[in-house]
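*Asks:* Take a look at the letters that make up each chain.
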Amino acid sequence: MSGKRASKLTRSDKLELYYWMRITRTLEERLVNLHRQNKLVGGLFRSLGQEADAVGSAFALEENDVLSSLTRNLGSLLIKGATPADVIRQHTATADSPTRGRDLGLHFANLERGFIGHISPLGDMVAVMAGVTLSFKVRGEKRVGLVYLGDGATSTGAFHEGINFAAVQRCPLVVIVESNGYAYSTPIAKQSAAKQFVDKAAGYGVAGDRADGNDVLAVHDATQRAVDRARAGGGVTLIELTTYRRRGHAEHDNQSYVPEGEVERWAAENDPIDRFVRVLLDREKVEQPELDAIDARVAAEVDLATDQALSSPQPAGPDALTDVYAGGSRVAPHWYRAPAAGRESERS
Amino acid sequence: MAEITYLEAIREALFEEMERDENVICLGEDVGVFGGAFKVTEGLQARFGGNRVIDTPISEIAIVGAAAGAAHMGMRPVAEMQFIDFIACAYDMLTNYVATSRYRTGLACPMVVRGPSGGYGRSGPFHSQNAEAAFLHTPGLKIVCPSTAEDAKGLLKSAIRDDDCVLFFEHKYLYRRIKGVMPAGDHLTPIGKARVARAGTDLSIITYGATVWKALDAAEELAKSGVAAEVIDLRTLAPLDDDAIVATVRKTNRVVIVHEDTRTGGIAGEITARINELCWEWLDAPVLRVTAHDVPLPSAPALEDFVLPQTADIVAAAQRLLTY
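Residue numbers (our numbering), protein chains in the order written: chain W, 7 to 354; chain H, 481 to 804.
You can take every hint at face value.
With beta-carbon atoms standing in for the labels, derived distance ranges:
# : chain 1 : residue 1 : chain 2 : residue 2 : range
1 : W       : 22        : H       : 605       : 52 to 62 Å
2 : W       : 267       : H       : 775       : 52 to 62 Å
3 : W       : 295       : H       : 619       : 49 to 59 Å
4 : W       : 102       : H       : 730       : 43 to 53 Å
5 : H       : 619       : W       : 49        : 17 to 27 Å
Covered, in the sense of this in silico footprint (three residues per stretch, anywhere, with C-beta under 8 Å from a C-beta of chain W), are these stretches of chain H:
# : segment
6 : 532 to 540
7 : 544 to 558
8 : 574 to 583
Calculated cross-link-like contacts (lysine-lysine; reagent style DSS-like; alpha-carbon spacing at most 30 Å):
#  : chain 1 : residue 1 : chain 2 : residue 2
9  : W       : 148       : W       : 20
10 : H       : 637       : W       : 143
11 : W       : 148       : W       : 206
12 : H       : 637       : H       : 519
13 : H       : 519       : W       : 143
14 : H       : 731       : H       : 673
Treat the hints as calculated values from the structure; they're not laboratory data.
Backbone N, C-alpha and C define an ideal beta-carbon position, used for all residues, glycine too.
Model the full assembly from the supplied sequences, consistent with the hints where possible.
*Replies:* See below:
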């Protein structure tokens, strides 16, 4: 699939793609270590083996485009400007995490940098991104939105309503369906009777495309075409990226439902980083020391981010009461939570 | 100044706000060319164009979700539910996404979700509901229920300018039955402030929406036997105006709470609890409730009338309070 478009990427672009995939993996490996040391709050969701689909696609966006990531799109958030320290803080729920300890993992947003993390009910962000891109259309801005979902989320009503609404309005929206084999434990065959998810594009009257999600150049190529189409007023594109989830739904998941040897086969034969390294060495005349230097830079950045995040303070309990509403709002603490002086009144 | 109906007051608010701020857009089912099932948005698309008055598919999740996304980007969307009963389809989007967005990520959702609610119209289980209690339980949402034409306009204009999501529950029984003269100029009614619809000293009837008018009828009836009932129109349910509730309790010492919505888990239970917490010692009688019975709302006139609160029920409750 890596056609003419992909050849427009310069050698340095391609080294950058390698950097983003490598830092995604290294950062997640660091999170695994912290998880095993009981230093994380909540579960840990990996994108091992899927780094190319998040990185290749997000790399096709311009700075003022907006994306909404899902569980396994850490790489896309990093490209959009989320820092490794903030990602770790989101997993340690510190007072200075992007959500100030209120939400976990990749559930965070930074509109100035152009990303809106997902929420746990799947498919909702397709409808929200329909609205984000509707605003681009109403205002005549040449901006594009990108929303990710997995094979499982295509079964939700929110996905259906969101993509249909965006299609009718010809919103500048790219919808990426990452087909990674499993939704938690449920295999694709029990999720949808469609032979392939790209077939759904026809039903919505939108452009459809399909690419090898473990080939970062093919992912970039397909996404670039869809982004160009959206920016030119051509409306929605649904892209199916085929990939494989090599870890369980989260780290607690022992993958007992996965046939023996399947994970190992994907790891050995179809790792997106290994594949891209071969492309860089064989076709791009990159020398191994260049990649080693990137790896060393990534390791140093992740070490620094870890040190920064682990020294972050925990939030204080009463911090939970602010900003439910605008204007610096603060919910009054219940009398049994208030300082003793405040206990005369039972105003809750 | 000519009187206009409650419905026309809502339309006037939409016109004025769309005129004032180009970020205000309307979206919903049949709101454009057709002007909405009740004609609330009639003429809006002709004036402001299809880019700002958007006919949507039958997709409440997408209507609310798209409003949230556009609101993130600085627009001020007004999303219509064709009947408020259908807001249930968007419950996830409102409670899980819209209500938590600012608190979690700092992304605001300045948007209004409005629509016709309520019974007394023989419209049956799916065109008569009151949705407020289902959302009162969710921090992050505001809830407004106007009873007068003046408030319908002033509260909607305030809701559109509010920096949070406001659920604006219009009462369709009032659409064409209630009229008012709009105050001159940029008429804004503050969200979160109740009003004294009728002053009195003997007991308080606390209510909102269509039952404000039944409470006023009951107060008139009670006045014939020398009882001075105070009627409090809450206007906003979230945030509740605790000060107004406490003030009327301290004044009359007897309270009946009236609402058209079903009883269990309803607004009256919450208000009763607040009275217990804030001013229990000022009561001379237990707080009473006059509400719908806990059944889906049936269509036949005899059934609907039996289920919903009527003026005579409020009078009976008042008399019981006075003889406690």
